[in-house]
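Undergrad: Just so you know, the protein sequences line up as chains Y and Z, in that order. The first sequence begins at 1 in my numbering and counts up by one. The second sequence begins at 1 in my numbering and counts up by one.
Since the hints were derived computationally from the structure, they do not count as laboratory data. What you are looking at is a predicted structure, and each value in this text was computed from that prediction instead of being measured. Don't take every hint at face value.
Same chains, same names: a pair is fine if it fits in one copy or spans any two.
With a cut-off of at most 25 angstroms between alpha-carbon atoms, the simulated BS3-like pairs for lysine-lysine come out as follows [what the hints assert, rightly or not]: (1) Lys76 to Lys368; (2) Lys359 to Lys387; (3) Lys162 to Lys4; (4) Lys357 to Lys387; (5) Lys162 to Lys18; (6) Lys357 to Lys116; (7) Lys275 to Lys160; (8) Lys76 to Lys357; (9) Lys18 to Lys30; (10) Lys255 to Lys204; (11) Lys4 to Lys275; (12) Lys359 to Lys275; (13) Lys204 to Lys357; (14) Lys17 to Lys30; (15) Lys359 to Lys17; (16) Lys204 to Lys275; (17) Lys17 to Lys162; (18) Lys162 to Lys357.
Number of protein chains: 2
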Amino acid sequence: MIIKGFTYAAVAAGIRKKDRLDLGLIFSEKPAVAAGVFTTNRVKAAPVLLDMERLELGGAQALLVNSGVANACTGKIGMQVARTCTDLAAAALNIDGNLVQIASTGVIGEQLPLEKVAAAMDELVAGLSSSGYDEVARAIMTTDTVPKTAARTCSIAGSKVKLFGMAKGAGMIMPDMATMLCFVMTDANINADILQQHLAGAVKLSFNRITVDGDTSTNDTVLVLANCTSGNPEITAFDTEESNVFSAALTDLLKDLALQIVADGEGATKLVTIKVINAASEGDAVQAARTIANSALVKTAFFGEDANWGRIIAALGRSGATFEQHSVDIFFDDVLLVQDGLALGAAAEAQATEVLKHKAFTVTVDLKAGQTAGEIYTSDLSIEYIKINADYRS
Amino acid sequence: MIIKGFTYAAVAAGIRKKDRLDLGLIFSEKPAVAAGVFTTNRVKAAPVLLDMERLELGGAQALLVNSGVANACTGKIGMQVARTCTDLAAAALNIDGNLVQIASTGVIGEQLPLEKVAAAMDELVAGLSSSGYDEVARAIMTTDTVPKTAARTCSIAGSKVKLFGMAKGAGMIMPDMATMLCFVMTDANINADILQQHLAGAVKLSFNRITVDGDTSTNDTVLVLANCTSGNPEITAFDTEESNVFSAALTDLLKDLALQIVADGEGATKLVTIKVINAASEGDAVQAARTIANSALVKTAFFGEDANWGRIIAALGRSGATFEQHSVDIFFDDVLLVQDGLALGAAAEAQATEVLKHKAFTVTVDLKAGQTAGEIYTSDLSIEYIKINADYRS
Chain Y
1 MIIKGFTYAA VAAGIRKKDR LDLGLIFSEK PAVAAGVFTT NRVKAAPVLL
51 DMERLELGGA QALLVNSGVA NACTGKIGMQ VARTCTDLAA AALNIDGNLV
101 QIASTGVIGE QLPLEKVAAA MDELVAGLSS SGYDEVARAI MTTDTVPKTA
151 ARTCSIAGSK VKLFGMAKGA GMIMPDMATM LCFVMTDANI NADILQQHLA
201 GAVKLSFNRI TVDGDTSTND TVLVLANCTS GNPEITAFDT EESNVFSAAL
251 TDLLKDLALQ IVADGEGATK LVTIKVINAA SEGDAVQAAR TIANSALVKT
301 AFFGEDANWG RIIAALGRSG ATFEQHSVDI FFDDVLLVQD GLALGAAAEA
351 QATEVLKHKA FTVTVDLKAG QTAGEIYTSD LSIEYIKINA DYRS
Chain Z
1 MIIKGFTYAA VAAGIRKKDR LDLGLIFSEK PAVAAGVFTT NRVKAAPVLL
51 DMERLELGGA QALLVNSGVA NACTGKIGMQ VARTCTDLAA AALNIDGNLV
101 QIASTGVIGE QLPLEKVAAA MDELVAGLSS SGYDEVARAI MTTDTVPKTA
151 ARTCSIAGSK VKLFGMAKGA GMIMPDMATM LCFVMTDANI NADILQQHLA
201 GAVKLSFNRI TVDGDTSTND TVLVLANCTS GNPEITAFDT EESNVFSAAL
251 TDLLKDLALQ IVADGEGATK LVTIKVINAA SEGDAVQAAR TIANSALVKT
301 AFFGEDANWG RIIAALGRSG ATFEQHSVDI FFDDVLLVQD GLALGAAAEA
351 QATEVLKHKA FTVTVDLKAG QTAGEIYTSD LSIEYIKINA DYRS
């Protein structure tokens, strides 16, 4: 989706591999209101640390992003490289260096080759165009097999507001406050505090509800840039009708991107929604769903198309959620397979096995312990996942 | 190891598969002092619930164990089947039913075929012999590829005390208070409270320090039977020289069995010790080691023989342990690969890659955040693990 005032470009800078797009730039013609959510991993990559520092100062006008090298665990040199990269971009764009955000994804522990970024900068800036977003979405891919973008529009006080987002991520995916990389551009007129609050809420219900392999990256970053040109009256309060419309659109957009990440999870053949209902608390529901969604045995059974509910209930039992084992019901889509903790027999299992043959399905676990629910989105664990990750660096 | 007063037998009862040992019996000629540690999974199998109830009543004289069916999530019928099985054993042995413990391992959610257990009971009891322990160790195997036994002797107040143990477990292994199944026979003269305290301490340092796939079983059981015939003066206090000698021997025995379980983990090709040193607390050390040991990405890199320390430090960062990312050192055996959070370069990586080619090695993570240390023992995550678990029930 083209949003007036935003331009995009990507080039093959040869950062880790030759002849593939690996350096992208997103530019806002005017300084944008910015909000960001970053990894909660105690080990944070240099670009994450720099972005967090700069978001404290205010808005953003450009985002430089590379794949191939994560610039994580690279020490003072890594921080200096990140700073210099943004300085180079700022100089080429003729803007203040503090208005440039940076994101990196790839191998941990290697230095980002500054000279390659420097050599590519002029071509990158020269290539900026309002329709270049698909190239940037491709430039941020690592083990992703498809680029991930999504768009939404909403109407706020009579003005049409657009949101466009892109994301990457296929492994090291159990974001906790953010996912690998996601950038959202919008023309909404909104102040920075409210944007940050809505982003935090939307991330909680989207990227914080997915898992591929239970590993949280050092580089998780979600950034939103709002250039405020849509014409809507500035959103300055959290809980108004206008604010809620924007929040709903943003949440919906991020959820779309989050599900694209799970569906493209490393080696994934299934997209599975784990839904826990009638839990004693939201924390219980989400933790129970997350424990099931991360269980290697459950995920391998999904890959094997085996309706192995015993593994689901075993994972549930170690999740810490409150329930009685003699009360649990388990559904595969609409098929009731386990009632009050007991299997319903061969006919139900045959139907559940049919559900497992689908590319996407929902496992619903009814705890009968309260009134709240929560969902986690996960993939299966396949032979291909092992192959990808046994070989990833080589 | 033969311990006077204990006899063993196993038969092929056809519980799930034909012509394989799947029903075992351990008998103590006199009622033994007993201690047990069981799964902390909220979902507990019928035999676990029955054993916990009976241990409250006092000692034990026999243990009936089957593989093939876990008798978990089987409701009231499952509890009744467990009770009836122990009643059948008690009648055949001519002892009190409350002195019979029971353990089961196998598929969750299926009823244990009572008639097959009943039909095999006479043959089982007739086969009891003091050297039959290897057959019982084989009868409890499921996806295990080798039986697991260990023996220790120690001298307590001039008396030679023997300990012999057997264990099974290869998948659904991240015991939390116990592992899948482990039975220890000893002739130590010791009272029940002290035996229980020493068992809890030994389990904490052995079975609670291993993981294959991060999943905790519904059937985890560790039982110790002490027939008190060794001649040592009864151990009645926790912290005496005699008590400590026994505790050290028991801990050493359980650690031996725990390491055998990890080495035989489903699909495992490596036995890896994750050692976290100089942590701020023991909790930090163990949690950091456990998070690394359970990371699918770390375990897959071990399988790929890739010294991918970035995945180790990323897992460390989400573990919750306190440390500064610029202080961490990482060793593969004696090879220092990462110093103060930074890679030492190609030569160190080449040496670390050599270490990874071994069947067993240690990854040491120095947090420089305190004075305590902790270890977790883990396996790699291989293509074979996926194959085993995608097909396990079929």
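Undergrad: It remains to establish, for every hint, whether it holds in the given structure.
TA: Right, here's what the structure says about each hint:
1. Lys76 to Lys368: between (52 angstroms within a copy, 19 angstroms between copies)
2. Lys359 to Lys387: Both. Shortest intra-copy (21 angstroms) and inter-copy (20 angstroms) distances satisfy the 25 angstroms Cα cut-off.
3. Lys162 to Lys4: within (10 angstroms within a copy, 81 angstroms between copies)
4. Lys357 to Lys387: Intra 23 angstroms, inter 17 angstroms, cutoff 25 angstroms: intra and inter.
5. Lys162 to Lys18: neither (35 angstroms within a copy, 65 angstroms between copies)
6. Lys357 to Lys116: neither (46 angstroms within a copy, 35 angstroms between copies)
7. Lys275 to Lys160: neither (34 angstroms within a copy, 57 angstroms between copies)
8. Lys76 to Lys357: Neither. Shortest intra-copy (50 angstroms) and inter-copy (33 angstroms) distances fail the 25 angstroms Cα cut-off.
9. Lys18 to Lys30: neither (33 angstroms within a copy, 75 angstroms between copies)
10. Lys255 to Lys204: Only inside one copy: Lys255 and Lys204 sit 10 angstroms apart there, 41 angstroms across copies, limit 25 angstroms.
11. Lys4 to Lys275: Close neither inside one copy (39 angstroms) nor across copies (54 angstroms); limit 25 angstroms.
12. Lys359 to Lys275: within (17 angstroms within a copy, 40 angstroms between copies)
13. Lys204 to Lys357: neither (30 angstroms within a copy, 41 angstroms between copies)
14. Lys17 to Lys30: Cα proximity of Lys17 and Lys30: none, with 34 angstroms in one copy and 72 angstroms across.
15. Lys359 to Lys17: neither (32 angstroms within a copy, 33 angstroms between copies)
16. Lys204 to Lys275: The answer is within: 16 angstroms in one copy meets 25 angstroms, while 34 angstroms across copies does not.
17. Lys17 to Lys162: So Lys17 and Lys162 fail the 25 angstroms test inside a copy (35 angstroms) and across (62 angstroms) alike.
18. Lys162 to Lys357: neither (37 angstroms within a copy, 54 angstroms between copies)
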